[in-house]
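Colleague: For reference, the chains in residue letters:
Protein chains: 2
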Amino acid sequence: VEAVIQADIVSIGDELLIGQTVNTNAAWMGERLNAEGIRVHRITGISDQQSEILRALDECAARSSIVLITGGLGPTKDDVTKHTLCDYFQSHLELHTPTLERITEFFTSRGLPMLDVNRDQALMPHNAVVLENQRGTANGMWFERNGTVFVSMPGVPYEMVWLMEHEVMPRLLAYFRRPAIVHRTILTQGVGESFLAKKISEWETSLSEVSIALAYLPSPGQVKLRMSMYGVADEQEMRRRIQVKEKELHSLIGEHIFGYEKDTLSSVVGTLLAQRQQTLTIAESCTGGYLAHQVTSTPGASAYFNGSLITYAEERKSAILGVPAALIGEKGVVSEEVAIAMAAGARKLMNADYALSTTGIAGPDGGTEEVPVGTIWIGLDGPAGARAAKFRFGQNRERNIQMAAQSALNLLRKEILGLNG
Amino acid sequence: VEAVIQADIVSIGDELLIGQTVNTNAAWMGERLNAEGIRVHRITGISDQQSEILRALDECAARSSIVLITGGLGPTKDDVTKHTLCDYFQSHLELHTPTLERITEFFTSRGLPMLDVNRDQALMPHNAVVLENQRGTANGMWFERNGTVFVSMPGVPYEMVWLMEHEVMPRLLAYFRRPAIVHRTILTQGVGESFLAKKISEWETSLSEVSIALAYLPSPGQVKLRMSMYGVADEQEMRRRIQVKEKELHSLIGEHIFGYEKDTLSSVVGTLLAQRQQTLTIAESCTGGYLAHQVTSTPGASAYFNGSLITYAEERKSAILGVPAALIGEKGVVSEEVAIAMAAGARKLMNADYALSTTGIAGPDGGTEEVPVGTIWIGLDGPAGARAAKFRFGQNRERNIQMAAQSALNLLRKEILGLNG
Numbered sequence: 001v002e003a004v005i006q007a008d009i010v011s012i013g014d015e016l017l018i019g020q021t022v023n024t025n026a027a028w029m030g031e032r033l034n035a036e037g038i039r040v041h042r043i044t045g046i047s048d049q050q051s052e053i054l055r056a057l058d059e060c061a062a063r064s065s066i067v068l069i070t071g072g073l074g075p076t077k078d079d080v081t082k083h084t085l086c087d088y089f090q091s092h093l094e095l096h097t098p099t100l101e102r103i104t105e106f107f108t109s110r111g112l113p114m115l116d117v118n119r120d121q122a123l124m125p126h127n128a129v130v131l132e133n134q135r136g137t138a139n140g141m142w143f144e145r146n147g148t149v150f151v152s153m154p155g156v157p158y159e160m161v162w163l164m165e166h167e168v169m170p171r172l173l174a175y176f177r178r179p180a181i182v183h184r185t186i187l188t189q190g191v192g193e194s195f196l197a198k199k200i201s202e203w204e205t206s207l208s209e210v211s212i213a214l215a216y217l218p219s220p221g222q223v224k225l226r227m228s229m230y231g232v233a234d235e236q237e238m239r240r241r242i243q244v245k246e247k248e249l250h251s252l253i254g255e256h257i258f259g260y261e262k263d264t265l266s267s268v269v270g271t272l273l274a275q276r277q278q279t280l281t282i283a284e285s286c287t288g289g290y291l292a293h294q295v296t297s298t299p300g301a302s303a304y305f306n307g308s309l310i311t312y313a314e315e316r317k318s319a320i321l322g323v324p325a326a327l328i329g330e331k332g333v334v335s336e337e338v339a340i341a342m343a344a345g346a347r348k349l350m351n352a353d354y355a356l357s358t359t360g361i362a363g364p365d366g367g368t369e370e371v372p373v374g375t376i377w378i379g380l381d382g383p384a385g386a387r388a389a390k391f392r393f394g395q396n397r398e399r400n401i402q403m404a405a406q407s408a409l410n411l412l413r414k415e416i417l418g419l420n421g
Numbered sequence: 422v423e424a425v426i427q428a429d430i431v432s433i434g435d436e437l438l439i440g441q442t443v444n445t446n447a448a449w450m451g452e453r454l455n456a457e458g459i460r461v462h463r464i465t466g467i468s469d470q471q472s473e474i475l476r477a478l479d480e481c482a483a484r485s486s487i488v489l490i491t492g493g494l495g496p497t498k499d500d501v502t503k504h505t506l507c508d509y510f511q512s513h514l515e516l517h518t519p520t521l522e523r524i525t526e527f528f529t530s531r532g533l534p535m536l537d538v539n540r541d542q543a544l545m546p547h548n549a550v551v552l553e554n555q556r557g558t559a560n561g562m563w564f565e566r567n568g569t570v571f572v573s574m575p576g577v578p579y580e581m582v583w584l585m586e587h588e589v590m591p592r593l594l595a596y597f598r599r600p601a602i603v604h605r606t607i608l609t610q611g612v613g614e615s616f617l618a619k620k621i622s623e624w625e626t627s628l629s630e631v632s633i634a635l636a637y638l639p640s641p642g643q644v645k646l647r648m649s650m651y652g653v654a655d656e657q658e659m660r661r662r663i664q665v666k667e668k669e670l671h672s673l674i675g676e677h678i679f680g681y682e683k684d685t686l687s688s689v690v691g692t693l694l695a696q697r698q699q700t701l702t703i704a705e706s707c708t709g710g711y712l713a714h715q716v717t718s719t720p721g722a723s724a725y726f727n728g729s730l731i732t733y734a735e736e737r738k739s740a741i742l743g744v745p746a747a748l749i750g751e752k753g754v755v756s757e758e759v760a761i762a763m764a765a766g767a768r769k770l771m772n773a774d775y776a777l778s779t780t781g782i783a784g785p786d787g788g789t790e791e792v793p794v795g796t797i798w799i800g801l802d803g804p805a806g807a808r809a810a811k812f813r814f815g816q817n818r819e820r821n822i823q824m825a826a827q828s829a830l831n832l833l834r835k836e837i838l839g840l841n842g
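Which chain is which? The protein sequence lines are A and B, in order. Take 1 as the starting number for the first sequence in this note's numbering and just add one per residue. Take 422 as the starting number for the second sequence in this note's numbering and just add one per residue.
This list has only true hints and no planted wrong ones.
The calculated label-pair distances, taken between Cβ atoms and stated as ranges, are:
1) A:233 x B:471: 31 to 37 Å
2) B:752 x A:421: 47 to 53 Å
3) B:600 x A:213: 51 to 57 Å
4) A:418 x B:785: 28 to 34 Å
5) A:107 x B:785: 23 to 29 Å
6) A:232 x B:602: 56 to 62 Å
Simulated from the structure, these hints should not be mistaken for laboratory data. Every residue gets a Cβ at the ideal spot worked out from N, C-alpha and C, and that includes glycine.
The shape of chain A in the complex, shown without the other chains (with noise of 0.2 Å):
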């Protein structure tokens, strides 16, 4: 088995050091990475001095073999990188004709005036392998010295990701010999890491018996696990031990278990009411149209999502929903009747098979002995009946919103599939 191949990301730029931008790019490039079995040892951000990155160029071919640079390649005159480059690799500039072609047609279709500093963007170090960006205007650049491999890349994420999708890594796992890798991520929601480790406990000791490495990988409301085997055999060989495994992990924790890979609840519940040509609303009050745009931002959301609403009013739960004022009177707003209530009555007036509804409160105000903030009932309708599930959230507002929509979208999934009981 080859050595673990070691890389390091240098993200260039005074704006991330004043906290104007936070280093998303940092994190992307260290999940793709980590994927191919490439392991980031540091994350260096420094500002675009010429000084700075000559040092941390220096520091990062001391100890790994892949340099990730972005940053700086703008076309203003505070972007320094690529001259940087240049006298780091004792390399000249040279005109780029076809980057100067795609500059010319990018101002020309816009009708923009071209500037002498956007030509210069077409002017590549000699001795760098020049990485088109079909995103922008500001190339990427692949240099080799000693073993190591240098990348820089624009700091702007969407092409920053599109060079590394289309030039780096197949290049990168094209120059580095790697052991074949395989990983499965399986996507649970509403149970807690420490709850699922004790759950999965034997099951994950007889992993190692196979070679297979687990991560637990939380966020809020959600933990993937994912599964890895690097080398240890064929890739068919390592697919199938993992298929072994995942079939037991579904018998242990199966209802937890909503999803695979890059899935989210929203994209899930979507594919099943696609499939089923199923449609579905909404009836928010604490969740403010947060469980909506969850929803619409799946997009061809369109095909399933009739609309909703979003009632904060208490009186427009009654004039338009259909919620009993007595109802609300006697149970109280925050109450399993009135989730319910809500939820039948959006699946009425938007002419829906299934309707979700929230009803809470989401804080920081709000709050009673009662019914203290955090309190949200999810209610749902639809052709199998009404039910609704109550849940004790924080303090914090951002999250409990959060939370409630994904208990929202998880109660729906387990409804379509029959999971619910």
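Mind docking chain B on chain A? Use the hints.
Modeller: Using the frame of chain A, we list chain B on its own:
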């Protein structure tokens, strides 16, 4: 004037290197330090291995007066930061009684069993100033060596923020002599950085005469302009000079300014409505709930937000909002007339003073030659009548939804203030 104080940030945790967690902590700290005139020199993300931590500490101590460390302080055996700091500062662990009492109370009040690993969190290095963490069980620690301050904090963002605000920043500002600093941040929406720069270029030049520095802080759809003065006069005089310049700025670009400092369009609109005891409703199509989510993410929104509708399916626009099917047929669902009819319908149904509406093509699919992806109409109905505005954003669904929500809130802000002409 004192020299610039330089800080280093060390972010510890494998989850950062594999991209499981985005390093929002470093950005938050960078912004907070920068506001006090402390310059972040480098952000270093490393794994939670003792050798890595020790190396990073040595590197940072060689160049900075402040080293802020986050992560690796949890109760599990993987978290080695505290033990590593003990090594680094030739310290030993001692029981910190107030912390033991706090942790014990934490567990007993929740009826949870307290384990040895939890009790160990009350053991603190004997030569550290203990920064008690009132938001969690892992304390902060403050060490000094050769004029450099080292502060270790837990990696949980809201615990780190609490410690920074209540313990770390006050101590840093007392420890390091700094000049008085005055900032003023002015928020604009809907115009680009280069457009603004052109409009205010003379004004910007004049700032240097009164020793005011200007920073452009762009984010999607918005540009923040931050004026800063560092110790060139007493605080009152600096405030006075900045006020004079702010007035001049208003006369140049006042129409694009929506707020100051930490304002958001949602909070600004909310304050305006609450002051006037007026109410808002929304009819969303392409924004799919995101606009309502923005409005309701401001605590207290129930005082002015009646509720809203999301009508994805065309027949729901007709059935519920009363948009005539013939109008949709004639003008198209993405049109000025439908945007206005949606707003008017929602305003009536929800009995609100103002109504906003959105109808457009968020993408990635659904565009046509006449109505390409990114085309969005915003409608508004209110006491002064109805209007609509057309926007042409880009190809990115998420971005289009965000930009449309911002534009809608700013249209409403101007309408309430009588600025829409």
